[in-house]
Structures are given as C-alpha cells and as structure tokens.
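*Asks:* The lines below spell out each chain.
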Amino acid sequence: MLPEDKELLHQFRQPLTREKAFTAILTKYQEKLYWHIRRMVIEHEDANDILQNLFIKVWKGLDNFREDSQLYTWLYRIATNESLTFLDQQKRRKTTSFSDDENGLSNKIKADEGFDANKLEWKLQLGIQQLPEKQRLVFNLRYYDEMPYEEMSRILDTSEGALKASYHHAAKKIEEYITKN
Amino acid sequence: MNAENLNAELLQIAPVLARVPKRNVYRVPDGYFGELQTSILNKLQEVTQLPEVPFSVPEGYFNTLPLQILRKIRENEAVDDQPDELADTPIIRGISKAPVYSVPDGYFKGLNAMETINPGRRKPAVVHSMKKLTRYMAAAVITGLLAIAGVTYLNDGQQHNSKESQSARVINFNPVDVQQLSESEIDEFLVTQTTPEASALNAAANGDTDIKGNLQEIPAEDIQEYLKENPLPGETNTDG
Numbered sequence: 045m046l047p048e049d050k051e052l053l054h055q056f057r058q059p060l061t062r063e064k065a066f067t068a069i070l071t072k073y074q075e076k077l078y079w080h081i082r083r084m085v086i087e088h089e090d091a092n093d094i095l096q097n098l099f100i101k102v103w104k105g106l107d108n109f110r111e112d113s114q115l116y117t118w119l120y121r122i123a124t125n126e127s128l129t130f131l132d133q134q135k136r137r138k139t140t141s142f143s144d145d146e147n148g149l150s151n152k153i154k155a156d157e158g159f160d161a162n163k164l165e166w167k168l169q170l171g172i173q174q175l176p177e178k179q180r181l182v183f184n185l186r187y188y189d190e191m192p193y194e195e196m197s198r199i200l201d202t203s204e205g206a207l208k209a210s211y212h213h214a215a216k217k218i219e220e221y222i223t224k225n
Numbered sequence: 004m005n006a007e008n009l010n011a012e013l014l015q016i017a018p019v020l021a022r023v024p025k026r027n028v029y030r031v032p033d034g035y036f037g038e039l040q041t042s043i044l045n046k047l048q049e050v051t052q053l054p055e056v057p058f059s060v061p062e063g064y065f066n067t068l069p070l071q072i073l074r075k076i077r078e079n080e081a082v083d084d085q086p087d088e089l090a091d092t093p094i095i096r097g098i099s100k101a102p103v104y105s106v107p108d109g110y111f112k113g114l115n116a117m118e119t120i121n122p123g124r125r126k127p128a129v130v131h132s133m134k135k136l137t138r139y140m141a142a143a144v145i146t147g148l149l150a151i152a153g154v155t156y157l158n159d160g161q162q163h164n165s166k167e168s169q170s171a172r173v174i175n176f177n178p179v180d181v182q183q184l185s186e187s188e189i190d191e192f193l194v195t196q197t198t199p200e201a202s203a204l205n206a207a208a209n210g211d212t213d214i215k216g217n218l219q220e221i222p223a224e225d226i227q228e229y230l231k232e233n234p235l236p237g238e239t240n241t242d243g
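Chains as they are written, first to last, in my numbering: chain A, 45 to 225; chain B, 4 to 243.
One thing to keep in mind: the hints can contain errors.
Quick look at which bits of chain B chain A covers, simulated, 3 or more residues with Cβ under 8 Å [claimed, not checked]:
1. 11–25
2. 36–47
Restricting the straight-line Cα-Cα distance to at most 30 Å, the calculated cross-link-like pairs of lysine-lysine (DSSO-like) are [claimed, not checked]:
3. 50(A) x 46(B)
4. 154(A) x 135(A)
5. 25(B) x 224(A)
Derived, one-sided and incomplete: chain B residues facing chain A with beta-carbon distance under 10 Å [what the hints assert, rightly or not]:
6. 5
7. 6
8. 29
9. 31
10. 32
11. 60
Hints listed in this document are in silico derivations from the structure and should not be mistaken for laboratory results. Note that the Cβ used here is the ideal one computed from N, Cα and C, for glycine as well.
Build out the structure end to end from the sequences listed, making use of the hints.
*Replies:* The following block contains the structure:
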C-alpha cells in the first residue's frame with residue numbers, strides 16, 4: 045500500500061527520502077497518466093515521450109507545488125497541457141491534412157495493428173476522434189477515468205455545468221457516429 | 004461517483020454508446036510499465052547532471068545588478084538634462100526649420116516617375132582607374148607630340164614643313180588622327196623623337212606591347228578633354 049499523497053510530498057522534500065518518494069509517485073500515477081495521454085495522442089511512442097518529460101517536470105517542480113490542490117489534480121493538469129501542446133505542435137507541422145481530424149488521429153487508429161473496423165470498441169475510438177479537443181478530454185476523463193465533474197473542473201479550469209454539457213454533447217456525437225458507421 | 008452511476012448517466016444520454024463494451028483497445032510493449040520507472044529515473048539522472056545554465060556569472064553579480072542599472076539610468080538622464088545649445092539664442096530657436104525654398108509642383112513625384120521609367124538612362128559617375136589614366140596621358144603625349152613635331156613625318160612627305168603650317172596643325176588638330184595610326188608608326192615616331200615626354204612614353208611603351216590597342220580604346224573626345232585640362236608644354240590650347 046502506497047502512502048498518501050501528502051506523506052509522499054513530505055518525503056520528497058527531505059533530501060534523504062526524496063528519490064524514494066519520487067519513485068512511489070511514479071508507481072502510483074504512471075499508468076493512469078500514461079493512458080490519459082495515450083488516449084489523446086494515440087501513438088505509444090508519443091505518449092511515452094510526453095510521460096517521461098512530464099515526470100522530469102514533476103521532479104523539477106514538485107518543490108514549488110502548493111498543497112492547496114491535490115497532487116493527483118496537479119499531475120493530470122500537467123499531462124493534459126503537455127498532450128495539448130504536443131497536438132498543437134503536430135498541427136503546425138502538418139501543412140496539409142487529408143484526414144477528417146486535424147492531427148490525422150483517425151489514421152493513426154486505423155494504422156494500429158489491432159484495429160478492426162467491424163468492432164464497436166474501435167468504432168468508439170474513431171467516434172471520439174471526431175470530437176473537438178476539449179470535448180475529447182472531457183469525454184475521456186469521464187468515460188474512462190470515471191472522474192467526478194468537481195475534480196475535472198479543477199484540472200480543466202471549467203465550471204461543472206459546462207463540463208456536464210460538454211460530456212452530454214460528446215456522448216451524443218459519438219453515438220451518432222457509431223450508429224452511422 | 005461509482006461506475007454504476009456513470010453508466011446510468013450514459014444510458015440516459017446515449018443508450019447505444021452505453022452498451023459498447025468498455026475495453027482498452029490500445030496495447031503497450033511487453034513489460035513497458037515495469038521498465039518505465041527505471042527509464043524515467045535514468046533520464047532524470049541525465050537531465051539533472053547537466054548544469055541548468057552552461058554560463059557562469061561573477062559572484063554576487065545579481066546582487067549588484069539593480070544598482071548598476073539604476074546608475075546607468077541616472078547617467079543617461081544627466082545626458083538628457085544637458086542645456087540646449089541654442090538656449091541662449093531664442094531668435095534662432097524660434098525660427099521654423101521648415102524649408103523656405105520651393106520646387107515646381109509635383110517635382111519629386113515626377114523625379115521618381117522618371118527614375119522608374121528610365122532606370123538605365125542615368126549616366127554613372129566616371130571613375131578613371133590608374134591604368135586608364137596612364138593610357139590617357141600616353142594618348143595625350145603622343146597627340147601633343149604629333150601636333151608639335153609635325154604630322155608630316157608620319158604622313159610620309161605630305162608637305163607641312165613650315166612653322167605656320169605646324170601652328171595651323173596645332174590649332175586644328177583632330178585627335179581622331181591618333182587612332183588612325185598604326186602601332187609601328189607610333190613606335191617609329193617615338194623612337195625618333197628626343198623630347199622628354201617622348202622618351203618617357205617610349206620607356207613606358209616597352210612594358211606595354213599594345214599601345215595602339217590601348218590608344219584605340221580611348222575615345223577621341225576623351226583625349227580632347229584631357230588635353231584641354233592638361234596641355235603639354237609648348238602646346239597651344241585649341242579652345243583659346
């Protein structure tokens with residue numbers, strides 16, 4: 045059983061237990077953060093790069109982390125921002141896009157070795173990629189991470205009401221996509 | 004909020020979507036999460052071993068920096084506060100600096116238009132190289148000597164031996180004649196002359212094997228112009 049975030053933060057601030065605390069934070073959050081990033085950027089290599097850079101930023105910035113928010117919220121916020129920045133950079137690099145979404149994410153899904161166009165799970169993934177970035181984030185956090193709107197609101201700096209509406213629209217659009225395809 | 008509540012919420016919004024199995028379709032390489040920690044810790048070690056900034060500053064630099072900046076600001080202000088040089092001459096200071104001269108209406112506009120229409124018509128300033136000047140001088144000396152010594156020598160006995168006729172040739176000399184001479188004629192003329200100018204030119208010509216060619220490149224007007232500005236000793240200026 046890993047210690048509570050508060051205890052981990054306290055240990056991180058002590059030079060003798062700093063590395064041990066950091067390793068515990070890695071163990072606790074690496075998978076959750078990986079999947080959060082992976083669902084946004086699709087490809088494993090990209091997700092891996094973003095995740096590694098994220099934890100380096102965490103190491104450098106954790107001393108200044110104010111405990112008025114939860115460590116979990118802070119980590120998700122960084123992961124979200126890093127993913128969006130990555131997608132933005134990709135968008136800028138591509139002068140032309142022939143796919144239905146700006147980053148060619150649908151093509152990346154179709155290129156996955158396990159992709160099966162007839163399976164509902166894959167149709168769902170393609171449906172998610174039709175959403176605007178912010179709606180995609182909201183849908184993923186709610187549907188996969190089962191995150192309460194209250195926490196999501198702290199990560200995305202958006203009111204709970206707006207998040208509920210966003211999730212509602214996202215779910216409707218995806219359902220429509222699945223039904224049509 | 005638990006998963007059941009979430010599913011109930013989704014059933015209300017999108018019942019078809021609620022029935023889609025929630026399975027993770029993406030895969031990660033085998034053992035990825037097991038090695039991830041080590042991989043991140045290794046990367047961290049690499050990054051933290053690098054100095055944050057590869058440059059160094061003198062000790063205490065940033066402590067004194069604000070004072071240095073303030074001092075510089077004060078120095079600049081002192082320069083700005085220096086008295087106006089025209090402060091004691093209120094009359095001059097009060098005079099407007101607007102141009103008092105006028106130009107014809109649309110002059111500058113027309114000037115630009117001309118420049119745009121005929122960019123190549125503007126005559127470039129003439130810059131004579133040292134080599135060209137030497138050749139001008141040579142041409143001028145030969146021209147002058149020909150005029151003074153009498154062209155009869157070269158014209159192979161075509162009269163003009165009298166002093167009057169020589170003077171007449173000086174006055175009516177046409178530099179085009181020089182260009183009509185052959186190399187051997189110029190050489191022969193220079194060798195037979197004893198004037199200092201001819202000797203100097205003859206010596207110079209020994210290093211230049213193509214006097215005729217050089218002279219032919221020089222327009223007659225240029226030789227005229229040069230002679231006007233630099234008359235040879237004893238030569239009469241044809242312009243009077």
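*Asks:* Return the status of the interface hint for residue 6(B): holds when the least beta-carbon distance to chain A is below 10 Å, violated otherwise.
*Replies:* holds, 6 Å
*Asks:* Should the interface hint for residue 31(B) be scored as holding, given a Cβ-Cβ cut-off of 10 Å against chain A?
*Replies:* holds, 6 Å
*Asks:* Residue 5(B) was flagged as interface toward chain A. Is the shortest Cβ-Cβ separation under 10 Å?
*Replies:* holds, 8 Å
*Asks:* Holds or violated: residue 25(B) with residue 224(A), Cα cutoff 30 Å?
*Replies:* Holds, at about 20 Å.
*Asks:* Count the residues of the region 36–47 of chain B whose Cβ falls closer than 8 Å to any Cβ of chain A, and tell me whether that reaches three.
*Replies:* holds (count 8)
*Asks:* Report holds or violated for chain A covering the region 11–25 of chain B, Cβ cut-off 8 Å, minimum 3 residues.
*Replies:* Held - the region 11–25 of chain B has 9 residues with a Cβ nearer than 8 Å to chain A, which meets the minimum of three.
*Asks:* Can the restraint linking residue 50(A) and residue 46(B) be considered satisfied, given a maximum Cα separation of 30 Å?
*Replies:* Since the Cα atoms of residue 50(A) and residue 46(B) sit roughly 26 Å apart, the hinted pair holds (cutoff 30 Å).
*Asks:* When you check the alpha-carbon spacing of residue 154(A) and residue 135(A), does it fall within 30 Å?
*Replies:* Cα-Cα ~19 Å, so holds.
*Asks:* Mind checking the CB of residue 29(B) against every CB in chain A and telling me if the closest is under 10 Å?
*Replies:* holds, 6 Å
*Asks:* Next item in the hint list is residue 60(B). Is there a CB on chain A closer than 10 Å to its CB?
*Replies:* This interface hint is violated because 21 Å lies over the 10 Å limit.
*Asks:* Classify the hint on residue 32(B) as holds or violated, based on whether any CB of chain A lies nearer than 10 Å to its CB.
*Replies:* Cβ of residue 32(B) sits 7 Å from chain A, so the hint holds.
Hint check: a violation occurs at hint 11 only; the rest are consistent with the structure.
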